[in-house]
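Colleague: Assemble the whole structure, with the sequences as input and the hints as a guide.
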Amino acid sequence: MKFTKLMTTATVALGLAMPAFADETTKVGFVYVGPVGDGGWTYEHDQGRLAVEEAFGDEVETVYVENVPEGPDAERVMTQMALQGADLIFTTSFGYMDPTINVAAKFPNVKFEHATGYKRADNVSTYSARFYEGRAVQGTIAGQMTKSNVVGYIGSYPIPEVIRGINSAYIHAKKVNPDVEFKIIWAFTWFDPAKEAEAAQVLIDQGADVILQHTDSTAPQAVAAEAGNVVTFGQASDMSEYAPFPRVSSIIDDWAPYYIARTKAVMDGTWTSMDTWDGIGAGMVGIGEISDAVPADVKASAVAIRDALADGSYHAFTGPLNKQDGSAWLADGETADDGTLAGMNFYVEGIEGTIPQ
Amino acid sequence: MLRLERRPSPSKAWSYLTPIVAVVATMIAGGLLFYILGKNPFEAIRTIFWDPLFGEFSSYSRPQLLVKAGPLILIAIGLALGFRAGIWNIGAEGQYIVGALCGAGAALALYPLEAWFIFPLMIVAGALGGMAWGLIPGFLRVRFGTNEILVSLMLVYVAEQLQAAMALGLLRNPDGFGFPGSRNLQQYPSAFNAEIIAGTGMHWGIVAALIAVIMAYITLGKHVLGFQIRLTGEAPRAAGFAGVKTARLVLICLGLSGALAGLAGMFEVAGPAGQVSIDFNVGYGFTAIIVAFLGRLNPLGILLAGLLLALTYIGGELAQLTLGLPSAAIQVFQGMLLFFLLAVDLLTNFRIRLGKMEAV
Amino acid sequence: MDLSAINPVLLIASLMVAATPIMLAAVGELVVEKAGVLNLGVEGMMIVGAIAGFATAVGTESPVLGFVVAALAGAVLSFLFVILTQYALANQVASGLALTLFGLGLSSLMGQSYVGIKPPSTPKLDMGFLSDLPVVGPILFSHDFMVYVGLFIITGTWAVLKYTRVGLILRAVGENHDAAHALGYKVVRVRVLAILFGGACSGLGGAYISLIRVPQWTEGMTAGAGWIALALVVFASWKPWRLLIGAYLYGGITVLQLNAQAAGARIPVEYLSMSPYLITILVLVFMSADRSRAPASLGRIFHASN
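Residue numbers (the numbering used here), protein chains in the order written: chain A, 1 to 357; chain B, 1 to 360; chain C, 1 to 306.
Honestly, the hints are just simulated from the structure, not real lab data.
Where is the CB? At the ideal position from N, CA and C, for every residue including glycine.
Sample of chain C residues with no beta-carbon within 12 Å of chain B, all distances over it, derived:
hint, residue
1, Ile6
2, Val58
3, Gly59
4, Val64
5, Val76
6, Ile117
7, Val136
8, Tyr148
9, Val149
10, Ile154
11, Gly156
12, Arg171
13, Glu175
14, Lys239
15, Ala263
Okay, derived cross-link-like pairs now, SDA-like style, lysine to any residue, Cα gap no bigger than 25 Å in a straight line:
hint, chain 1, residue 1, chain 2, residue 2
16, C, Lys118, A, Asp238
17, A, Lys119, B, Asp175
18, C, Lys118, A, Ala243
19, B, Lys245, B, Ala132
20, A, Lys106, B, Ala194
21, B, Lys222, B, Val207
22, C, Lys186, C, Leu89
23, A, Lys323, A, Glu181
24, A, Lys175, C, Ala263
25, C, Lys124, A, Ser240
26, A, Lys106, A, Lys264
27, C, Lys186, B, Phe350
Modeller: Here it is as structure tokens:
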């Protein structure tokens, strides 16, 4: 932002009004649904933005607006960014989908990147991360580290992404520990530290000694630290302040490689609309360092899964697998296709409970 | 020492001046805040107040002012009527949600039918839904004496859960790949609350807000109901003697403000927002309370206050965009605006005199 | 559904912890409202207390100091409310809302550099063999010190309001400020002190969330706890003991519904999540039959005009 600050100060000195962007640089805008300080989802997107600034220096200018509610406010913010001269805009929440399409239609020369959505246009791409690959690694560790055979899962909203994560974690925990049982609580929030702390406490009270979460705060880690012998995993960011225990590993959203690549594409003129769903291999899903609290053999198995997912030799959803009602889903060796995964609304066999409808 | 002395009757001159004084004071204090944060204060103030109205892209942001202010004004009018009578509807947010759900639900139930009566049906459904939600605290107060602040507030949380349930269940878009959220009403022409005059941002919700302002002005000034409301607020016992039936008034005020809030929700979800999602509500029900007080519970004042607050929202977004001002700073700014207005308002009713401090 | 998975002892212990922040804020507001002032700014004072306490605890490595500063911060913020309502004679509802808005924004600003930091932990009390007793141990003797402080404040408030002259004056001011003034009681001063006390308690409640409950700092982390506290005061009919019950009831239902979910209850989750609020309304309706009503001068502006 140094360049912008310099220009703005100069402008003030001259007493003239001036738009935010100068003319030769590539301007990249970011629309955030939460505060940059949330230490989770938005924080990682902002890290991606900072990486873009660092990678391209004076050739780019970035701006962001945080705490933008989904809906008309989002549409307005995107429009303002485009009016102010943005070349590329990242909209970082599923709920921005329709506003992004609407604004993109009005500004055909501006490129839009919508996170976790499914609607595209000539100037709108979508991107998301295969978080379920990270869950596979977590499940492998969880299944082996649990002594009570009860694993607690704090779900946010019953959307396909979260259900994928639960299924993937369960499948891999079960693989290494056939007696494992999952208890799931739906917090109905992406981020509410108090609620998450309560959910974690309840799960621990009901016997869980491993907690997985799809919510973004460190509250469950703190509760686990209090309880003493509960294993947790960082979510969205590394949460390394709770390492080596209870946080034994984490899933890190690493948007930097993708953001840098897309910015470069705009600068080179090679940008086209596409759908990106990258996992560990492409660097979008980072697995946080597995701490020493994890026994060497468990760590080795987790690393093996991680590497197999990374180089593509293993798919997290490989048959034989049945759905929760017993019906067959994947045959032996068959892998799930992206379409089914994208709309996943069923549990796999073995998970108890129903998905809230 | 300074002493406050009540004026024999509120000063007309000051009642026009106080908002201006308050805004200027906010600009100064806000400027100071921005300076502490390392931003140029003049630039920041200009970005917030001037640019959305007359700046480079103001042809886009001016209509947006109406879009943002519309629901605020609509809800605030309803609230103000109640507040004037000492009936505190704090649950407008919940009524907004329920109205939106009913209105959108009515439309989606008929999808994909295209007919002229769908939109009016949505209006009726939204108003009735909001009214029903507002009548719950009303009924409980009238029948059991339960405090309406508490009940209406609790119902906001209930409504939020209901919204999530609907977005995931009944109202979910069957073509949406399992994602939560309803069909987008912007793509359903019979139900879409579109701009009436393109480029002005004026949709039916804004029209409703303007009608509400006029109706409220007439009611409060000329109609018996308005008289009863004002009397109950200022002298409850006198109102009792004058034959005002409090119970009826409570139900009317809560029902009316619920209906208006529900309408605001319905217009918003069928227009600018477009779909019922897990959390499409953005706090208009609470912000409207601030607008009601900023406008000093007076319909015309509310109109101006709504526009002013909308200006700070839109200007604030611009300031984030062009100056890198954190969004928290804008919230502090809005709080300051309200503070100053409330503080300066005292000059309307009191004179400041030099003299001995009274024993208090 | 596996009901046996729900452990009642742990349930009660955890509901006491869940209820503490709201209880702290609510008891402060109860005193304020008893004095005849309605301060809707509890949410703002709580969250400012949360960040102030958090920042202090991180800076000084002492959670106790954090709580002290949180109480001070809450009181300082409530002083803005004092100026508006007692000296500038502004409308109390609006002033309280302005305070909430201002407090939320101010805390976010103050907290920008404190995200993701882990505060020093507050130890749970270990009273030796008392804590190891089977049922009573976890419920009564193993909490962190603030739970006990909260109970102490409630007991103290009840005792002062009921048995001391100070409490009597406070209640008199709340019931009829003109008569109290005529009797020579300093209405404004009593109210100012009550508001500052309320601010301090709210600050403590907020700091409990950021230092013990979660513990972490994030924008808006109180997530409506202040409004629940306000509701609790009304729910409790302005009586301290009822406040305790109300807070535990609310905390209990919240924890219970999470337990029910984890145990595999068949009821849809959204309706389970609604239950604390619906039950609060129901109980309130029943309690409305009670004769107690609000302090008669609640929310009315006082100006000694002779």
